[in-house]
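These are the residues of each chain, in order.
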Amino acid sequence: MRRKISEYGIELCIKLSGILVIAFVFLIFLFLLKDSLSLFGVYRLGAFLFGKNWLPVSEPAQFGIIPLLLGSVYVTVGAIIICVPFGVGSAMFIAEVAPSFLKHVLKSLVEILASIPSVVLGFIGIVWLGPHLKDALNLRTGMCGLTGSLLLAFMALPTIISISEDALVSVPKSFKEAAFGLGATRWQALWRIVLPSASSGIIAAVMLGIGRVIGETMVVMMVTGNAPVIPTSILQPLRTLTATIAGEMGETVSGSEHYFALFAVGLVLFIITFLINLSADICLHKARR
Amino acid sequence: MNISKAAGIRQKVAFVILGCIALVVVLPIILTIIYIVKNGAGAISWEFITEAPRKGMKEGGIFPAIIGTILLIIGTMLFSLPLGILSAIYLVEYARENFFTRLIKLSVVNLSGIPSIIYGLFGFTMFVLFLRLGTSILSGSLTLAIMSLPVIITASKEALESVPRSFREISFSLGATKWQTVRYCVLPYSLPGILTGTVLSLSRAAGETAPILFTVAAFYLPRLPHSVFDQVMALPYHLYVISTQVPNMPAKLKLATALVLIALVFLMNLVSIVLRAHFRKRKQW
Chain A
2 MRRKISEYGI ELCIKLSGIL VIAFVFLIFL FLLKDSLSLF GVYRLGAFLF
52 GKNWLPVSEP AQFGIIPLLL GSVYVTVGAI IICVPFGVGS AMFIAEVAPS
102 FLKHVLKSLV EILASIPSVV LGFIGIVWLG PHLKDALNLR TGMCGLTGSL
152 LLAFMALPTI ISISEDALVS VPKSFKEAAF GLGATRWQAL WRIVLPSASS
202 GIIAAVMLGI GRVIGETMVV MMVTGNAPVI PTSILQPLRT LTATIAGEMG
252 ETVSGSEHYF ALFAVGLVLF IITFLINLSA DICLHKARR
Chain B
206 MNISKAAGIR QKVAFVILGC IALVVVLPII LTIIYIVKNG AGAISWEFIT
256 EAPRKGMKEG GIFPAIIGTI LLIIGTMLFS LPLGILSAIY LVEYARENFF
306 TRLIKLSVVN LSGIPSIIYG LFGFTMFVLF LRLGTSILSG SLTLAIMSLP
356 VIITASKEAL ESVPRSFREI SFSLGATKWQ TVRYCVLPYS LPGILTGTVL
406 SLSRAAGETA PILFTVAAFY LPRLPHSVFD QVMALPYHLY VISTQVPNMP
456 AKLKLATALV LIALVFLMNL VSIVLRAHFR KRKQW
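Chains as they are written, first to last, in the working numbering: chain A, 2 to 290; chain B, 206 to 490.
Okay, chain B solo, but in the shape it has when bound (with noise of 0.2 Å):
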């Protein structure tokens, strides 16, 4: 029994080798929070929160980013969530297989693999330039939301599809049109599934900086915009200026901004898992 043993042997190197790599792997997941929570949570004051910045931005606040990120995830929101829902009901519901269906699904592969300074570069031209929108929050807001679509899409899909046969063709059967079975029987059902997606999507939108560069992002304005034809400071854009463009920037400023966005980007991270999970209780069937 010399070789089952020795098999046995191998075995438990190779898992111990294994471990040791998800070790490696997520050891300096846990370390990176663990720096710039240290660091950082020293510099935020309530201050640092609600004011805006002054003297060049190393002193105040950051308030005026906090708020043009909130607003370009607001923005972001109102055009992606219908387009995105109407798409996914599209593919789910309305589509044969054919060559217009393959052709959109083809296109939520490919607008998934854009890298982002496209969509910034694209924004740029066709929004800022070609639609006269202007450096703005509105050319901002479209930028992101043609980029988070791609995942909208998917998670609307995938929760759509999660609702049974059967719920249609009772509906169908009681007289019901396609789009009162959708309304009605259809939609209140993946709701939760659809809003995980786009809160996960939105996340990842809001700490997005190549897409902003050229299309929204103001480098210094302690104010706050006016219209959504303004610019505005944005908390990722911030982070880059004052981590590579201003010189002589003290340190726990800009851990504290990291602090920040990280924190936001988690809040709403969270608020997508607690919808999860809240979903997976209440589904009956």
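In isolation and in its complexed conformation, chain A is listed as follows (with noise of 0.2 Å):
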């Protein structure tokens, strides 16, 4: 009788935590949307989303998002003009022509890097990557969007790399021997027939790539230079939306405009990487089948 409550005990937690799962989810969003509503009350959706200029301690204030989605627009899209040629190319190599050694070794590097924390490749990007790119580029300040995309992109790397290689590796093998029959050389079965088949797998791969880089927020707050202005080039100080949450949050009021306006950017920025982390999960599965 004893171990029949106990047994009933222990799977009633075991349900519960699995409810819990779920609940963290609604409770983010639902969070989230109360405070972004708060400021709805006060100030217009219209103003919010399609207004030009992000001032918050000005008298009156405006927060109008269009420049810090640019800022994340336009360092993402940096970041992913380099990271996918270069994270696509390696993962072929790993997958396809490095021996077995080489492999090894090529993974745990790939493994090391994942395991670096974004404040430190912020911090690389303080005193060495941005004062190079400034002489090199001769630009006003190193502090810009392409040192984000530039760190971004190699933040991104590890998972373009590993799952673009786990869809590669899964493509079957008849598929490969195939074209050896038809006396195709390595290299041809790899870009006409293994590349093609695992397309999927590795479009799954570079949308979970710009979900990680648009939501990654020391690297930028450190060094895209924190400019809220409409960005026209690359090479100009830009701020993100996420900088903009962590940068302000620490100094307004809570309960203020100000405050219910950075909930309102963290929706915005929830429902963002919702959709394309949905859209990965997507294709995930697609390339299962």
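Hints in this document: simulated from the structure, not taken from any laboratory.
Any given hint could turn out to be false.
[What the hints assert, rightly or not] Which residues of chain A face chain B? A partial, calculated answer using Cβ under 10 Å:
hint	residue
1	Ile-15
2	Lys-16
3	Leu-110
4	Phe-155
5	Leu-209
6	His-259
The structure presented is a predicted model; accordingly, all values stated were derived computationally and were not measured.
The beta carbon of each residue, even a glycine, is placed where N, CA and C say it ideally should be.
Assembling the complex is the task here: the two chains are given apart, and the hints tell you how they should meet.
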């Protein structure tokens, strides 16, 4: 009898923890939504979504999200253009070309990169990459979008490499063998058969990379110059959604308009990353089939 | 045979290009590590590790920040490990393929995609303000724990699934209940895999800055915390502060702090690699 009760108790605990996991996602969304809605009680939604000025401390304050959104888009597009060819190329090399020992070395190095905290990379950006870029490109300041893009590309590499490599390796061997049977070289089989067959997995890898880049906070806060203006070039200082929240949250009074505006920025970020990750998940499921 | 010769040359060129791409990717990784180790090692001393910062952080050590980060790691583990293992047990051993199960899996995928700064915002409204825990070790640990959950659940799920079906069937056939089977025939064999994933996710949590910005991290607090409701300094936040907020900070102190942080993270990764290797050797099925 007592055994039955303890069995029942433990099963309840197990089920409860499952429920908690779901609850966290809902709670995160609800708390963001609740504080964002408080902003739209006093500030127009249209002015928030389409406003061209982010001036939280001027009189009257303006909370236009466009400069921040564009800042995020600039940095993310820059990072993805840089890291997709390098990421997918390395994955192809690791999956199909490298001999076994080299494969292990490369994979371990990529794992090491994945474990470096973002604040350390931001620090490298400040003391090394930024000043060097400034001299090399003759910029006014090294703290600009491009520095951020380069570091974010570097950070997204482990995600893109490991998921693309998985996708390439899981293409059935028979595909390649059929190509060899027809007289194709290893490169032709890789380029014409394996790569296209792994395409949905690789697209998922790129999507997850984008999700990671757009949500990264510390690197962009430290190296992109923190200028909340509409950027016209990636060589200018700019500011992303994430850096705005992290940089201004400490200075606001909780319950103020500015405070709620930062939660609204958070909600926008949440929705963007949710959609990106959802489409990555759909691609991954398609790849498994 | 001109065509196949051309194809052979093309293959050689393509593979060399791929090799160069891989080299361009791994070279900066090696250089970054060398840069920090070479420039930071000189400033590391016994005093730096064991003393509190002095004179606005420009002198002294980083002891409170090291302790703060270790406390946060322990706190995060206390919350996320049981919750993560239990959810994984539910998914692998108990759940049927229904709407509820799909919802849990979707939530795990979702949690892993949420940006760290959103966890920071959530932790601030939920734990610091709503539950009135204040800016404290408790709030910070809870925030980091929720962030670590998806990795722990995924690793635990894989570890549980790798235990052969027959183990469970034998246990059932001897009259064991579901929980007895899980407790004595599945968990012991999957524990190393679970721990590997946990240590890995904790090493990520240790290096995170954004989630602790508003939930626990203290700008300058050169003493140790008295209770779980105290603020603490933390290594990643300390590195952020001294590299952006403090003017005329001596460069070698910044580099040494970065070195201590990556050393701590690498050490934890090493532990997880050793655990994994040890487990593979002992695995007998």
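Evaluation of the provided hints:
Given hint, Ile-15(A) at the interface with chain B, holds; its Cβ is 5 Å from that chain's nearest Cβ, closer than 10 Å. About 6 Å separates the beta-carbon of Lys-16(A) from the nearest beta-carbon of chain B, less than 10 Å, and the hint is met. The interface hint given for Leu-110(A) holds, since its Cβ lies 5 Å from the closest Cβ of chain B, which is under the 10 Å cut-off. Hint status for Phe-155(A): holds, given a least beta-carbon distance of 6 Å to chain B, under 10 Å.
Checking Leu-209(A) against chain B: minimum C-beta separation of about 8 Å stays under 10 Å; hint holds. Against a cut-off of 10 Å between C-beta atoms, the interface hint on His-259(A) is violated, since the closest Cβ of chain B lies about 14 Å away.
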